Amino acid sequence: MKFHSNPFIPKRLLKNGLLISMGLLAMSSTMASEASIWNKIAMHPLYAMQSPVKGKIINQATQEPIAGATIKIVGKSSSTSSDVSGNFEIDAQPNDVLEISYVGFVSSRFTVTSTSQPVTISLSEDSSNLDEVVVTGYGTQRKKDLTGSVAVVNVTALKSQPAGSAVEALQGRATGIQIVNDGAPGSTPQIRIRGYSTINNNEPLYIIDGVPFEGKLSWLNQNDIESMQVLKDASAASIYGARANNGVVIITTRTGKAGKTNISLDAYAGAGVPNKGAFPKMLTPQQILDIDNEFNGTNLQLQDYLLAGSATNWDVNPAVDADMSKYNYNAKDRASFYQITKANKAGTKWFDELSQTAPIQSYQLAANGGNETSQYAFSGGYLDQKGSLIHTGFRRYNVRTNTQFNAFDKKLRFGENLSYAYTEGYGMGVNPNTAGGYQGEGSVLGFAYRIQNIIPVYDEGGNFAGSFGNNLGNGENPVAMAFRAKDNMNRSNFFFGNAFAEYDIIQGLTFRTNFGLRYENYNGVSYTYPNPEFSEGSFNNGMSEYQGYTTEWTWTNTLNYKPNLGEDHSLNVMVGTEAIKNRNRGIDGSRNGYFIMNSIDYLYLNSGSSNFNNNGSGSIGSMFSIFGKADYAYKDKYLLSVLARRDGSSNFGENNLYGVFPGISGAWRISQEEFAKEAEWLTDLKIRAGYGVTGNQRIPSFQFLNRYLASLTQSSYPINNAVVNGIWQTAYANPDIKWEQVKSLNIGLDFTILNGDFDGSFDWFNKKTTDMLFRVPLPAVSVGRATAPVQNVGDMSNKGFEFSLGYHYGYRQEKPFTLDLSANFSKYKNEVVSLAPTITQVNYGAFRSMETSLLQRGQPFGSFYGYQVAGIYQDDADVQNSPSYEFARPGGLKYADINNNGEIDPGDRTVIGNPHPDFVYSFNVNAAYKNFDLLLFFYGSQGNDLYEATRYFTDFGVFRGQKSVRLLDEWSPTNTGSNIPSLPNPKDDISAMEYATSSYYIQDGSFLKLKNFQLGYNLPTKKIFGENTTFSKFRLYFGVTNLFTITKYEGLDPEVSATPSDYPALGVDFGVYPQARQYTFGLNLGF
Amino acid sequence: MKRNKLMILLGAGMLLVSSCGKEFLQKLPQGELSEPQVGNKDGVEGALIGAYSILNGNVRDTWGNYSSAPSQWVFGEMPSDNAHKGSELTDQTPMNMIESFTSISTNDNLSTMWQVYFEGVLRCNNTLKLLANDQAGPKEISEERAKEIQGEARMLRAHYNFFLWRVFRNVPIITEAITSTSEAQNVPNDKDILPSIEEDLKFAEANLPSTKVNDEFGRMDKNAAKAYLGKLYLYQKKYAQALTLFNEVMAGKDIVSMPYWNNFDVTKENGPEVVMVSKHAINSNGNAENSNVGDMLSGLYGTSPVGCCGFYQPSIDLANAFQVDANGLPLSTTSYRAKPYLSDLNNPTNTYALDVKLKFDPRLDYTVGRRGVSYLDYGIMPGNAWIRDAKYAGPFVGIKTMIPQTQFSTNAAPGANYLTGLDVNIIRLADVWLMAAECEVEAGNLAKALKLVNDIRNRAATLAPKKTASGVDAADYIVKPYPSFASQDAARNAVRTERRLELALEGHRFFDLVRWGIAKSVIESYSSFEGTYLSSYKGITYSAKNDFWPIPQAEIDRSNGALKQN
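Protein chains in written order, with the working numbering: chain A, 1 to 1087; chain B, 1088 to 1653.
Simulated from the structure, these hints should not be mistaken for laboratory data.
Heads up, a few of these hints could be off.
Heads up, incomplete: computed chain A residues facing chain B, CB under 10 Å, no partners named [stated by the list, open to error]:
hint : residue
1    : Asp266
2    : Lys581
3    : Phe612
4    : Pro718
5    : Gly726
6    : Ala780
7    : Ala788
Which bits of chain B does chain A cover? Going by a derived footprint, with three or more residues having C-beta under 8 Å, they are [unchecked claim]:
hint : segment
8    : 1110 to 1119
9    : 1126 to 1139
10   : 1182 to 1192
11   : 1203 to 1212
12   : 1263 to 1274
13   : 1356 to 1366
14   : 1634 to 1648
List of simulated lysine-lysine pairs, BS3-like, C-alpha gap at most 25 Å [to be verified]:
hint : chain 1 : residue 1 : chain 2 : residue 2
15   : B       : Lys1216   : B       : Lys1109
16   : B       : Lys1299   : B       : Lys1309
17   : A       : Lys827    : A       : Lys743
18   : A       : Lys581    : B       : Lys1114
19   : B       : Lys1226   : B       : Lys1216
20   : A       : Lys332    : A       : Lys581
21   : A       : Lys987    : B       : Lys1478
22   : B       : Lys1340   : B       : Lys1309
23   : B       : Lys1109   : A       : Lys581
24   : A       : Lys987    : B       : Lys1625
25   : A       : Lys827    : A       : Lys72
26   : A       : Lys930    : A       : Lys1033
All values reported here derive from a predicted model rather than from experimental measurement.
Every residue gets a Cβ at the ideal spot worked out from N, C-alpha and C, and that includes glycine.
So that you can see chain A by itself, here it is in the shape it has in the complex (with noise of 0.2 Å):
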């Protein structure tokens, strides 16, 4: 029964579970002795032909003797045990088949030849997996012990992946747990566990080293955690109640361990090389001109300049205009702003003017070890990584110890963690605090698409060129952009640690406390620089800076009871209670008018002339939980687990102050049943179901409650001139507000097949949400522009299943090439089953004349709605025949008229396109031969569409931008077969319906990239550097990401995180921040 899955899987046995799996190993011998027992009954007279084999079995690692391993004759009943020295005597015959086994150990087989000589067998010790323990909630259980559906990660090769957060890898290494992550250096993914369990915030909550924390984790080295665990349905996550409902993701970092002081170096270095070929392709200024031309009926060649002083495009003349003695860049204003600006006839590149080559390094330097009283761990680590679009990048600098101690006999228990981490990122999409956050059409990104190519980067006087000029449209120069913000920097001083003790009371009494404190303090600076060259710039010159902290103390108590019941019964009872109290203060300011701008040590809010701005702000909440939790094993084959939260939040009112929150799950472990043991081929395999009810409260606070604000901008007026201040009610309340709640069914299959070769698991669930809190828009009769409290009026089901499936070749026959291949397979099916009765749909994701996404019954989260492109109107008689719209042109868009009115209008939007995957997969292969190892890991999503919004400004007639090379296809008179609409002649009349959302915008989004490949090689320490050198590891190794991306998606990355709105708009492309091909080299060394 015992396997490997991987070779990199250190043993885990936490000290936080040690009790546990003390109790564990304990009933493990019992049962051996047991089977000892049997073993003599069976020494008929019969098998007195027999002779004695006897051994020793010892530890492969350590050669030291194993007491208490199993042996047994394959086929026949007879077994034995070895003794406190390791040794054994068995009678067997030449042939027979000797099966050891033991606890924590890869069973072995030996086939007896002779039974004259004494044997020596030795055991591996087994890096995974049945009996490894995982920390569910408030507590640890071995794997073969779970009765809800839990994840556990492989952190070995989620660290193998470079990435400046620790979730950022987590991607496809675990079933039900969907990641979108972007390209920027310490980008924050957007992590859905089984889909989308609300229309809110749908981050899953993380309990590190035992302390719930929400956020973002770029603070996190990924290199310090130990193991990682995702708690998927509301059995096993239902223990955290009220945040628990988007899953619980349960992180231990590094403890130390007894023994020899261990020190580790791991140092990559690399770069990553921006895809420039995926930016989409935009007409040339040639291309563009000849539309004009046509257009106009001009016959105009590509003008020289674009500017000169106060002359555009064709009117400047040269000898008088470009006259470099009246160039005047730095001016104060418009009037002497002398600006001169050659026309790139080639075609500005702006993607290409936008990225380059990032370095990435990384190193980190760990320590542990400790003595039978103490032990330590600590570990330091930077990381330096520059983003692929120019002056972005994202610096961290951590620091963690870990210290434990006992006394008493080990009856006590205490000791803490302490983590320091100090990041810093600047540009772009950096460390968001929402994923996606960036996102928008004015991004840097964003005007990559938007600003005319004619443009160059930079004008004659080598400062930044733009729109200024006549005709060149509102794009803003995007490496100008970039260039201005290269400074604007985000920091955060990052602490998060806890401190615990553990006490025996008496036998199987264990009381723990454990009190988390996070303290993060962040500021930021960012400048405004003139930009006179925009044709909607300004010569203002300015900065801000905002300073803030966040801290939130979590104090856990809780009881643990295991009181021995004999060999047939297992039974462990937890109670605790957990305060919580978080609070958050901010201020920032802003100046305008600088005396200079060009040195940043002079750019304080005090030098400002004016725009004073001053603002703070600030948050509270609390919360106080009891809980508790009985898990119950029958002869290690029938499980129960049941366990109940009842929490008190700060977030709601007297009417609901409190929820409850139940969970209930069982597993019968069949291959433990006596008829399973005679299929020698079935290892394990266990059913598992469980029902529960999770919570969510991650509402703003004060819901309950009716607020006014006095404002100086929002409810002031000027009397005799003077603006006095007044207030105004800011928001309406709903004192009913209450809990949003999911209940949640899974069944799950556990198996693992000849003698671990195989091993998978399969998961099917029923997650529905009910009382979802939704902010019901109210019409303004009643809450005018104030905000609408949030009602609990909603439903949303999510319904899947999930499947992982695993081969493992080399370990059990001990062959010099191991192979691992692991493939994960994910599925869910969103629907959003009712709203509030008022509300038959919500529009949402607006931006400019298109609103995006829709919340609508019976259709799933972030739907795409709009119209249906039906064709292109062909000539007058058709667009009088058909239904159409004001305005509406032969080679303009032509939409269905799903109303069946006659007329294209608003009741013609139906649902175009479904953000969410079908399915995602992943592939995971492990190879290793002698010294060498190669990983490979695909991960791909299926079925998801994509709405790519840049195509706004690059495939109509709206403002004067770059346009897409789909126009050298599109619609004509002579070309009548084409879907792509005719650019409109801009003197006409143009509908806005032709650029309305439509499914125009709409594309497969379905991927499959390689997302990593690492190919390493151990140097054979001892050959090169002795038998004595204190190097027990020297790996090195070279990888790749992102080497290749299948994609049928035009836009420039098919992973798009959702945009932010007033809810999450999935699937929403505005240009993210693209992934791109990251080379690395990288060591790891032990010593």
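Given the coordinates of chain A, assemble chain B onto it according to the supplied hints.
Leaving out everything else, chain B in the frame of chain A:
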């Protein structure tokens, strides 16, 4: 022993549970006020100021509040024969649909207008509710002041409701008697709101003081209530009732001596011609959210010192309406359209020369910026350098919403000269004069109407001529009083023309055309004239349903069936 330890621990645990009770979970909002904190005198007065604060059509931020501007340029001028949206065709396209009467119910200008003014109504209601609580309980506010507060709040509510009525006609009546969001949600829009506006104005007229409360300029007063009530009657064609009120407002005032330009001069605010105004200011910290944000898009474009957006351009037709005959009297539409003045529209080059011989009412150059004529203190208007796309929206720019350069430092937002402290008139005395003239015409008192119209024209004649670059008068300025009105029709026509010229680009024109019942004929004939020169305005058709706009679709959707589309 062990049992004791256990008991101690359990005891400690219980203690923890009980001590972490409700108090631990009861927190107060941070940086916000909750109800008990505003249930006092300061709370009521603060809420009232909050209600005034919607006069500028802006709740928060500066961008996006164009359609709710107190000037009502989006609904009152742009769709009329006076003005164009301006800028470029593809800029703010939903406004194009307002201008061409093709708006659909999802137009964002409609929802902004609806939401901001209902926010205003709710703020008035909240003031009245908080006041009622005080009067029913602690009575921190004197009974006398309570009456005034009610008068101020109800006057403001009448104004907000009247603006809603003009644009949407069928609006639900939301009063302070409504206590919950769901009750408000279910109010249908099937009742005429004018009687309740009238009731509010009558209450205000009866209870507001004749002088400003505490001499605080910006507050509502009896005079404003009278003028507004008169205007309401005029819209209902109750001429006699209206005239009585107008006469009371005009009594003892001499408009001819009041300088015309003071109405648009940021340094001459709070003058005697102001009847009701939306007051604007730049906050002491430079913030512009209490400024004239609704008109910001009219900020001149290009090389102008303002540097904004180039919206809200006067039409060719409006500029030409200022043409006068040799007697200084307005030309008829047919005659001025026969020989229109187009500025440099067809010759936007260096060779263009301004014809200073043309005969114009001097108010032209105080209303319309045109090439070759001095513009405030900005210098000579250079034509296209200040205009985004003259071929789209014509060669003219507005003046009444701009302030002089010299005032930028004190009356404009730093770095944003299009956000100014310029007040916007909602009713000014000249408006009352001309409304009174209308009443007199309809009552058949042509002589009285003649006097009122000529007062306005006599004042216009006192306007200083605008100059060209070479310092000569930019036109042959001439404006003279009418010698007499030949008939009631002629009088009516003269009053209407005078109203157009005097109040051009102040947000009245479209609503006037609608109440006069001539919107279709005026707009369609204007479209064929204007469309000759600017193709975008060709072929506008008008029908009775265009007298007001669709109710925003989102509001209908959110009303649970209570609101019916117009």
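Going down the list of hints, with the structure as the test:
1. Interface hint status for Asp266(A): violated, as the beta-carbon distance to the closest one in chain B is roughly 42 Å, over 10 Å.
2. The beta carbon of Lys581(A) comes within 8 Å of a beta carbon in chain B, closer than 10 Å, and the hint placing it at the interface holds.
3. At its closest, the beta carbon of Phe612(A) sits 4 Å from a beta carbon of chain B; the interface hint therefore holds under the 10 Å criterion.
4. Using the Cβ-Cβ criterion of 10 Å, the hint placing Pro718(A) at the interface with chain B is satisfied: the shortest such distance is roughly 4 Å.
5. The closest approach between the C-beta of Gly726(A) and any C-beta of chain B is roughly 3 Å, which is under the 10 Å cut-off, so the hint is satisfied.
6. Below 10 Å, beta-carbon pairs count as interface contacts, and Ala780(A) has one with chain B at about 4 Å; its hint therefore holds.
7. Contact between Ala788(A) and chain B, as hinted, is supported at the beta carbon level, the nearest pair being about 7 Å apart and thus within 10 Å.
8. Given as covered by chain A, the segment 1110 to 1119 of chain B passes the check, having 9 residues with a CB less than 8 Å from a CB of that chain where 3 are the minimum.
9. With 9 residues bearing a CB less than 8 Å from a CB of chain A, the segment 1126 to 1139 of chain B meets the requirement of three and the coverage assertion stands.
10. Interface restraint, the segment 1182 to 1192 of chain B with chain A: holds (6 residues with C-beta to C-beta distance below 8 Å; minimum three).
11. Only residues whose C-beta sits within less than 8 Å of a C-beta in chain A count toward coverage, and the segment 1203 to 1212 of chain B has 7 of them, enough to reach three; the restraint holds.
12. Counting residues of the segment 1263 to 1274 of chain B whose C-beta lies closer than 8 Å to any C-beta of chain A gives 5; at least three are required, and the coverage claim holds.
13. A stretch counts as covered by a chain when three or more of its residues have a beta carbon under 8 Å from one of that chain; for the segment 1356 to 1366 of chain B and chain A the count is 3, and the coverage holds.
14. Given as covered by chain A, the segment 1634 to 1648 of chain B passes the check, having 7 residues with a CB less than 8 Å from a CB of that chain where 3 are the minimum.
15. The straight-line distance between the Cα atoms of Lys1216(B) and Lys1109(B) is roughly 31 Å, outside the 25 Å bound, and the hint therefore fails.
16. A C-alpha spacing of about 9 Å is found between Lys1299(B) and Lys1309(B), which places the hinted pair at or below 25 Å, so the restraint holds.
17. A hinted pair counts as satisfied when its Cα atoms are at most 25 Å apart, and Lys827(A) with Lys743(A) qualifies at roughly 19 Å.
18. A hinted pair counts as satisfied when its Cα atoms are at most 25 Å apart, and Lys581(A) with Lys1114(B) qualifies at roughly 11 Å.
19. Between Lys1226(B) and Lys1216(B) the alpha-carbon distance is near 13 Å, which keeps this suggested pair within the 25 Å criterion.
20. Our distance criterion of 25 Å between C-alpha atoms is broken by Lys332(A) and Lys581(A), whose separation comes to about 51 Å.
21. Straight-line distance between C-alpha atoms of Lys987(A) and Lys1478(B) comes to about 9 Å, which keeps the hinted pair within the 25 Å bound.
22. Using a Cα cut-off of 25 Å, the hinted pair Lys1340(B) and Lys1309(B) holds, with the two alpha carbons roughly 16 Å apart.
23. For a cut-off of 25 Å, the pair hint linking Lys1109(B) to Lys581(A) stands: about 13 Å separates their Cα positions.
24. For the hint linking Lys987(A) to Lys1625(B), the alpha-carbon distance of about 12 Å falls within 25 Å, and the restraint holds.
25. Between Lys827(A) and Lys72(A) the alpha-carbon distance is near 43 Å, which puts this suggested pair outside the 25 Å criterion.
26. Pair hint Lys930(A) plus Lys1033(A) holds up; C-alpha atoms about 14 Å apart against a cutoff of 25 Å.
Checked against the numbered hints given earlier, this structure breaks hints 1, 15, 20, 25; the rest are met.
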